[in-house]
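> This is what each chain is made of:
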Amino acid sequence: MRHGKKRGVQHDESWIGGYRSYDLVKEFVVATIVVSLLTVVLAAVFSSPDEKQVTLARWAAASPNDFVATAVTELDGTSGTAGYGAPYTHEPSAAQKIGPLKPQNWPGVTIPVDTANDFVVRPLRGVPGDPALSSSLAQWSGATPDQQQAWASAYDDALQKATDNDPAKVAAGDYGPVPVMLDRLRAMAQSGGLDGALLAQGRFYQTDYTKPLLYLADGAYLEDLARAQHLGGDQWGMMNETGNYPGQAWLWLYTFWYQVKPFSTSDNADALVWGLMMVLTLGFILIPFIPGVRSVPRHLKVYRLIWRNYYRTVEAHR
Amino acid sequence: MTATTPSSPPGERSWTARTRKRAVGAFPPDQLLPDRQPVYVASWIYVFGVLTISALLVVLASGGILALKGPTWWHTSWVGHYVNSLHLWSVELFMAFMVIHLWGKFFMAAWRGRRAMTWITGAIAFLASIGTAFTGYLVQQNFDSQWISTQAKDGLNSVGIGAYFNVLDFGQMLLWHIVVLPLALGVIVLVHVLLVRLRGVVPPYPARTAEPPPADRGTP
Chain A
0 MRHGKKRGVQ
10 HDESWIGGYR
20 SYDLVKEFVV
30 ATIVVSLLTV
40 VLAAVFSSPD
50 EKQVTLARWA
60 AASPNDFVAT
70 AVTELDGTSG
80 TAGYGAPYTH
90 EPSAAQKIGP
100 LKPQNWPGVT
110 IPVDTANDFV
120 VRPLRGVPGD
130 PALSSSLAQW
140 SGATPDQQQA
150 WASAYDDALQ
160 KATDNDPAKV
170 AAGDYGPVPV
180 MLDRLRAMAQ
190 SGGLDGALLA
200 QGRFYQTDYT
210 KPLLYLADGA
220 YLEDLARAQH
230 LGGDQWGMMN
240 ETGNYPGQAW
250 LWLYTFWYQV
260 KPFSTSDNAD
270 ALVWGLMMVL
280 TLGFILIPFI
290 PGVRSVPRHL
300 KVYRLIWRNY
310 YRTVEAHR
Chain B
0 MTATTPSSPP
10 GERSWTARTR
20 KRAVGAFPPD
30 QLLPDRQPVY
40 VASWIYVFGV
50 LTISALLVVL
60 ASGGILALKG
70 PTWWHTSWVG
80 HYVNSLHLWS
90 VELFMAFMVI
100 HLWGKFFMAA
110 WRGRRAMTWI
120 TGAIAFLASI
130 GTAFTGYLVQ
140 QNFDSQWIST
150 QAKDGLNSVG
160 IGAYFNVLDF
170 GQMLLWHIVV
180 LPLALGVIVL
190 VHVLLVRLRG
200 VVPPYPARTA
210 EPPPADRGTP
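Here the protein sequences come in this chain order: A and B. For the first sequence, numbering that gives the first Met the number 0 assigns the number 0 to the initial residue and increments by one for each residue that follows. For the second sequence, numbering that gives the first Met the number 0 assigns the number 0 to the initial residue and increments by one for each residue that follows.
Chain A with its partners taken away, still in its complex shape:
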């Protein structure tokens, strides 16, 4: 037995029994070889998923009606992103709550998104040689915010009533420049131009996909694809990935709460689940200091299975 001699250093003093030979280095080398070989075999046999990403061009081509229906909500401020609140928009009442607390609002709007301008108007300004579009944009910019809102809302309502939400089947009405703007935005998206315009945001180098992803997530197309792969939040999707792969199985507890009441039916599910998991995580780290919990292993007695040889030997001598 060794004893620590210096300040703050205290070696293991709790064992006064016998020792056995134990080749740590050999164990480590063998383990590394075994794990490496196992990985090589698993990778060769099962490969890894790489489902092609969704672009705005693909979305606009595959589901143009959904694309336009989403675009008009970005204009009239009713999209998921427009009404999201912090950290994207100034909408304090949208924040999720944990009791009286709204931690979502505490940092404020750190990633500002103006859906009408960022997702629709600004990208359209980059389209050259289209007099009808230029005229529509001038009309939009010259109108008051109330007028803009009235045009966009009226078109949004009409689009929802149209068969298949098809812009070509929208009833006649006072929509101002909105139909032309959204038609050109759809064409721009289908050509691939909108993907670049939303990402670039006036810069050459860019690695921040916040805006294109928010736009994608506002539509139904991305979610429909995900649900078809059983990736929805109520399908244990948080821990799954595409194809028949294990995914992030270690997130099972996070995912579990989303499947049960009151979380599954709450408007504050995210905040409640994350708040709960933060508390549980702290408890997990501090198990050694929590009376009752720290004694659970002693009551479970699984340790007698782990140390069965030791107990067999010691208790046989008594």
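Everything hinted at is true.
Chain B is faced by these chain A residues, among others (derived, beta-carbon under 10 Å):
id	residue
1	51
2	209
3	224
4	228
5	240
6	272
7	302
The calculated lysine to aspartate or glutamate pairs, modelled on EDC-like cross-linking and capped at a C-alpha distance of 16 Å, are:
id	chain 1	residue 1	chain 2	residue 2
8	A	96	B	153
9	A	25	B	34
10	A	168	A	155
Distance windows between CB atoms, simulated:
id	chain 1	residue 1	chain 2	residue 2	range
11	A	259	B	28	51 to 59 Å
12	A	33	B	29	21 to 29 Å
13	B	126	A	258	17 to 25 Å
14	A	24	B	22	14 to 22 Å
15	B	75	A	186	23 to 31 Å
16	A	33	B	30	20 to 28 Å
17	A	77	B	66	37 to 45 Å
18	B	126	A	314	36 to 44 Å
Calculated directly from the structure, the hints in this document are not laboratory data. Built from N, CA and C at the ideal position, the CB exists for glycine as well.
We have chain A already, so just place chain B on it with the hints.
Positioned in the frame of chain A, the structure of chain B alone reads:
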């Protein structure tokens, strides 16, 4: 260079000498790399700690190759795709081994006998691993990344974290995944292993006797 006084041996009072003395005092070679263990260290459960570290090395090696070639390589090359598969499966093994190791240590109440910090560093390593794996899913640049990031943002935003940790920002997530979190995980695993060496492997609960049960309390 620091001058020494005539009364003190050269170098004895230097920061370097003090650090060496402290380190060797805390971790003498036979404690840092012992060739014997208490007799109770005789179960397959003990192998999973080493298996976890071995898998971590494979994760770092395969991830290192992916980093060298850049984030788009594995989408356009079959070799790259295979290396990505190595990375994925080594992560799955790493997490599986770590969870088994964790449950084993829980059932042993391995925080007993001044080993609370060993448990705490292990728990934090587990959490850092979850974060590292999660950011890995975010930077795959495929459908999984799109879906996972757009879903995860709601949870993170709801508690205020998303304002600073933006899962939709590929550049930020890539740097967290290949620099910040692996560095943090490496340091915490190193501290964890050193604590295991310092405090030793937790001994069994006492065998059945008429004596009162021992305390389960963990102290740092």
